[in-house]
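Colleague: Listed below, chain by chain, are the residues.
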Amino acid sequence: MLSIKRRTVGDLIWDVVIYIILTFLALIMVIPFIYVIVASFARESLIQITSMDLFWKIFQPMAGHPNGFTLAAYKEVFDMSGMGMQVLRSLGISICVTVVGTIINLFCSTTMAYGLSRSDLIGKKALMNIVLFTMVFSGGMIPTFIVVKSLGMYDTYAALILPGAISAYNMIIIRNFFMDLPAGLEEAASIDGCTDIGIFVKIALPLSLPMLATFGLFYAVGHWNNYFGALLYLDDSAKYPFQLVLRNIVNQSAADIDNLDDLPPSDTLKMAVIVIGTVPILIVYPFLQKHFAAGVMTGAIKG
Amino acid sequence: MAKTQKAALSAQDKAAAKAKTWTKLKRDKWMYLLLLPGTLYFIIFKIIPMWGVLIAFKDYFAGVSFLKAPWIGFDNFIDFFSDVSFWQLLRNTLIISLMNLIFFFPLPIILALLLNEIRVQWYKKALQTLVYVPHFVSMVVVTSITFMLLKTPAMESATGGIITELARKLTGNPDVNILANGPAIYWILLLQSIWKETGWGTIIFLAAIAGVDVEQYEAAIVDGASRFQQLIYITFPAIMGTIVTMFILRMGSVLDTGFEQIILMQNAINREYSETFDTYVYQYGRVEGNYGYSTAVGLFKSIISIICIQTANRAAKKAGQTGLF
Amino acid sequence: MKHIWKRIVSVAMAGAMGIMAMGLTACSDTVILDMENPVITVMLPTFQTVSADEEGPVVEEIERYVAEKMGVPNLEFELKWAANSNYGEKVTAAMGAGNWPHVMLITERTSTIIQNSRAGNFWDLTDELKATTTDENGETVYKYPNLAETDDMINHNISVDGRIYGLYRAREIGRAGVTVRDDWIDNLHAKGALSFGSDHINDITLDEFEEMLYAFKDDDPDGDGQNNTYGMVVAGADYIAGPLNNLVVWNGAPNAWGYSEEEGKILPDYMFPEYEEMITRMRKWKADGVINRDMDTFSSTNWDNPFLQSQAGAIIDVADRARRVANNIKDLNPNAVVDVFGFARKSADQEPVTLPTTGYSGYFVLPVASLPTEAHRDFMLKVMDILNDTYVSDLLNYGIVGTAYEEVKNADGSTDIKVDPPTAHYAIIENPDGTKSAIKSTDQARVNEYNDLNQFGMGYVTSEITTYYSTQVAKTVNDVYQTNKLYKLPNYAEAYISPTYSRHSTQLDAIMSSATTKYISGAIDLDAWYAERDRWLDQGGQKVIDEMNEFYEADTDKVTAESIRKDNHKVQFEEGVMQWLTPEEAAEFQREADLGPEAAAETEAPAEEVLEGAAETVEDAAAAADAKAQAEKPSMN
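Chains as they are written, first to last, in our numbering: chain A, 1 to 303; chain B, 304 to 628; chain C, 629 to 1265.
The following block holds chain A by itself, in its conformation from the complex (with noise of 0.2 Å):
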């Protein structure tokens, strides 16, 4: 609103230039993306012989059929006799295991944040140093892979979860964070007979809601894109999340089918199902944008 009122023409100029790059960055983002989408819409046999001028020759009449538009793809992957229960079923299960996990990833890595965060805290460097060193040095597949079958979570969704609990990454980015806080709120509350646990709950969160919406995003996507956790420690294919289900179609082609009477899954079939895995978490976004929002209400509570 203020920038409204003191609008010069320098500003103007820079306002013009600043959207119409934006807006074809956008542009160039997403019609990738729509291909895809209009993909899962063409018949086979259309995809095979296109390029980027499938946008258009989808409405044109083909030999034999009115145009090369159709809900076959879908129909497919809804087929209630063919993969649609598996891929309701698994995504179902990505998204419970997703909602779960995230929950516990920005539990622990909040914690575990906020406590490294104060400075003069003995040990502190220690365990710095040891988060560090993980996350360069690792133990790899097979020593983790034990571990996890030690404790029992072997087939379990546990296993999905619990193994990438923290990311070093994003729990240090947070700390960052937490470090950035201004001093003088926490030494008040303490003044006021709060634990630290208490400052953490009623304070330091609170301030950090934009940050906790975006490593939300990052662990949520982190579950949402995860196969190869599925891969490993999964025996039962009921329980399999939908990236695995998905890899399984759209990384299948023809060179690695062996068994003359199996044909590959269709191009179109492979677009619809990234369509159908991708709709879900794009979705998200604008549920936590109004956190990003937020962010700025609270920098002015700060001052």
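One or more of the hints may lead you astray.
[Said to hold, decoys possible] The calculated PhoX-like cross-link candidates involving lysine-lysine, where the alpha carbons are at most 20 Å apart (straight line), are:
id	chain 1	residue 1	chain 2	residue 2
1	C	K912	C	K1103
2	A	K125	B	K329
3	C	K718	A	K239
4	B	K620	A	K124
5	A	K124	B	K321
6	B	K332	B	K321
7	C	K1010	C	K1113
8	C	K1064	A	K149
9	C	K1046	C	K1064
10	B	K332	A	K125
11	B	K317	B	K329
12	B	K321	A	K125
13	B	K323	A	K124
14	C	K1103	C	K958
15	C	K1068	C	K1103
16	C	K1113	A	K57
17	A	K202	B	K332
18	B	K323	A	K125
19	B	K329	A	K124
20	B	K620	A	K125
21	B	K428	A	K124
22	A	K239	C	K1194
23	C	K1113	C	K974
24	A	K125	B	K327
25	A	K124	B	K327
26	C	K718	A	K149
27	A	K290	B	K427
28	C	K697	C	K1010
29	C	K819	C	K697
30	C	K771	C	K1010
31	C	K1010	C	K758
32	B	K332	A	K290
Please keep in mind that the hints were generated in silico from the structure rather than gathered at the bench.
Quick caveat: nothing in here was measured; it's all calculated off a predicted structure.
Let chain A serve as the given structure and place chains B and C on it in line with the hints.
Modeller: Frame of chain A, contents of chains B and C only:
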């Protein structure tokens, strides 16, 4: 540094320090409780499996007992360093990674700053959502779209991809074939990464910008600062801490190029420019199951990472930033 | 700073020691097979989005059948599916963590698998496959009659240091084929632009093949008056080997490794003049625009596209590609006719040579950890033997048999057949030529009940059922397989594992495939190609050659030109193809065949008995018919 510290602690100080330590520990008991879950996590899932690095010094294959696998000292490392393609791998890894650092790293910051300039809220939100879409497009799709844009025609009468056709018109050379140009792979990989991850990378900086004190802008406006000046003198310095943190962390992965993207783009012509440590280890270590070797390469990469992080951290501190630790 | 790192390292080391103990105890998680009440865990890759349910009717029927034959009250299979694209990683992880199933499919012979075989983690089956035992009548019979049917050549191919550690899954050996536009050939022939018509395609020479490619480019095969077609699509970016290996084999070079008379040892194909000659010819094709101009960057994922768009007229790959292409091209160009053939000959008076597959796709291993004693091993082998009964292998491939009751014509001209009872998955129909085909139920829910179960099939005993295809080209594909088999050229070094090659295969292969692609595409000349070949020799290639020859020398069962000729001619004789046989050979085969029944009689009787037992337990008429067909088979060999 450690030595001078030790020397400073004389005997009589020690007792006092001990008492002080005890009160501090007691005072911070709740903090330790907060640290508990995270610490347990790091011990169980990160420290305990650390014995895996010993595999680098063994002739170990999955399925063969770890204890029975013979110790072979530094053979895996020697094998790696004396590999005829070692220098080629190092060159490609560094070029791909450094190009990424130089050209890609600043872009999310710039984009975040520009997005912040959009004052129409719904449009800003829409743009933000759109730019982060590519992050979710699978690499297989990115590759096939790249081929669509760059492909050369299969015969004289056909047309190629949009970019190839454009390059032909601009250069007047009818034989432009970007995909068959070895070093062009560096730029293709860079542009793919930029396209896919720039928008996603803005999120962290947007969150940092959201935390900037509004009063500072108000004061600046009163002083007659233009929008561009506000950006340079208020917003940018305010997110400098985040930028530095991100940079230091990024230095930790200087030898990481990933393998999926590169393997998808690899062909017979560009292989000598596109084979990196990660693609090589993927083939030789993960696909073949040669864990001793791939762990050795991983260990080598980790040591380089730790040196890079330390250097970057020290440089940041020297430059007056808080640094990471 | 420093001492902190030290501390961390020492903590890590201490943890390591503690956990190593844990790691060892973790091995005890492997469930040892209970032979009284067996629950058999099987690790398999999946290709379909929905794999067969363990509780489904097909798996239950298999379990019932196997339990009965094993004489146990109850038997269960626990199928551990893993997506094919990541199957190798899953196998490695399971082995690394000591999580052994009872049977595991190995899809690739990686260093890990070789090392595990040598370390004795898999049962050595060399002496078991054809082991004999004495039955109650005192006659010597095969212990595992179906496993005894395994092919010696393929067993040799999967062996490690001469020992066999697995049960391979048999696959079509003559799979190579050229997919072509039949209507184009006829158009060109009618115009006089081509010296032969589509009926000659099964018997063309390399020169005629070349003539055809050039005509596809130059003589407007689609008759639209435009120069918008070319000869053949080659995917040089990632799979030049497909077309290349076929072409060089047709031209007389070996299949990967062959014996050089001049050198007196086995050498890789690129050391042979015939190879050089062929790639030089391909270079000319590429320069003339007969091969797609973007060959060097063209990826095999798009291989069909130029063909579907009616731009290119030929693809050299597997024959079954024709089936898929024919299916997809209908939609775009209803007039297109797709055909397929197996090979081109170097000259008209020369016996054809074809590029075979390895004949197997992965093999099952029996881990010692989960099958600790010989009794366990024998139990499992017996189960695997029963799985090869025609009855079970048909269940794995097609599900439960029913009868066909209604024919439904689809809009696109294909036929679907309804199957009765509704719980059945396929029906047998008799083809006009007297052979039998399986028509699959069109009900997707039914098909899901046996989806991917074919991954568990080994196919040692040929079923008389083949999948029913409604299109002509699909039938031709089967003919191509059969013909190709008569002229197959095996790889002399298939079974040998050169340590240098295992260590450096990635780089070594990359050198030659890059060099050859560059040479064909015109980026480098022949001298540069020689230089690259020398680099290949320098960087380990020479060592690979030396190691391979050591194996070859030591091999008592080695492949030689003589052994190939004898094998192929014998098969030709059995199939009634006499064209290439010398009269002496024909006479000898005839003599063997005459002696055959008597020699085979010893093993025939018990085999029949076992199978009659099968027929009693299986009331199904079709299964009994299969069993009888199988009983007749030994006498043929």
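Colleague: If a hint holds in the structure, say so; if it doesn't, say that too.
Modeller: Taking the hints in turn, this is what the structure says about them:
1. C:K912 to C:K1103: Distance ~34 Å between K912 of chain C and K1103 of chain C Cα, so the pair is violated.
2. A:K125 to B:K329: Holds, at about 18 Å.
3. C:K718 to A:K239: Holds, at about 16 Å.
4. B:K620 to A:K124: Holds - the C-alpha atoms of K124 of chain A and K620 of chain B are around 19 Å apart, at most 20 Å.
5. A:K124 to B:K321: The hint holds at about 17 Å.
6. B:K332 to B:K321: holds (16 Å)
7. C:K1010 to C:K1113: violated (30 Å)
8. C:K1064 to A:K149: violated (50 Å)
9. C:K1046 to C:K1064: holds (17 Å)
10. B:K332 to A:K125: Roughly 17 Å between the alpha carbons, so the hint for K332 of chain B and K125 of chain A holds.
11. B:K317 to B:K329: holds (18 Å)
12. B:K321 to A:K125: holds (18 Å)
13. B:K323 to A:K124: holds (16 Å)
14. C:K1103 to C:K958: holds (17 Å)
15. C:K1068 to C:K1103: holds (16 Å)
16. C:K1113 to A:K57: Violated: K1113 of chain C and K57 of chain A sit about 44 Å apart, past 20 Å.
17. A:K202 to B:K332: holds (18 Å)
18. B:K323 to A:K125: Cα-Cα ~18 Å, so holds.
19. B:K329 to A:K124: The given pair, whose Cα atoms are some 15 Å apart, holds under the 20 Å limit.
20. B:K620 to A:K125: holds (16 Å)
21. B:K428 to A:K124: Violated, at roughly 39 Å.
22. A:K239 to C:K1194: violated (53 Å)
23. C:K1113 to C:K974: holds (18 Å)
24. A:K125 to B:K327: Judged against 20 Å, a Cα distance of about 15 Å means the pair holds.
25. A:K124 to B:K327: Status holds; Cα separation ~12 Å.
26. C:K718 to A:K149: Roughly 14 Å separates the two Cα atoms, so the pair holds.
27. A:K290 to B:K427: Holds, because 12 Å separates the two Cα atoms, which is no more than 20 Å.
28. C:K697 to C:K1010: Distance of about 9 Å is within 20 Å: holds.
29. C:K819 to C:K697: violated (65 Å)
30. C:K771 to C:K1010: holds (8 Å)
31. C:K1010 to C:K758: Holds: K1010 of chain C and K758 of chain C sit about 12 Å apart, inside 20 Å.
32. B:K332 to A:K290: violated (36 Å)
Taken one by one, the earlier hints fail for this structure at numbers 1, 7, 8, 16, 21, 22, 29, 32, listed in ascending order.
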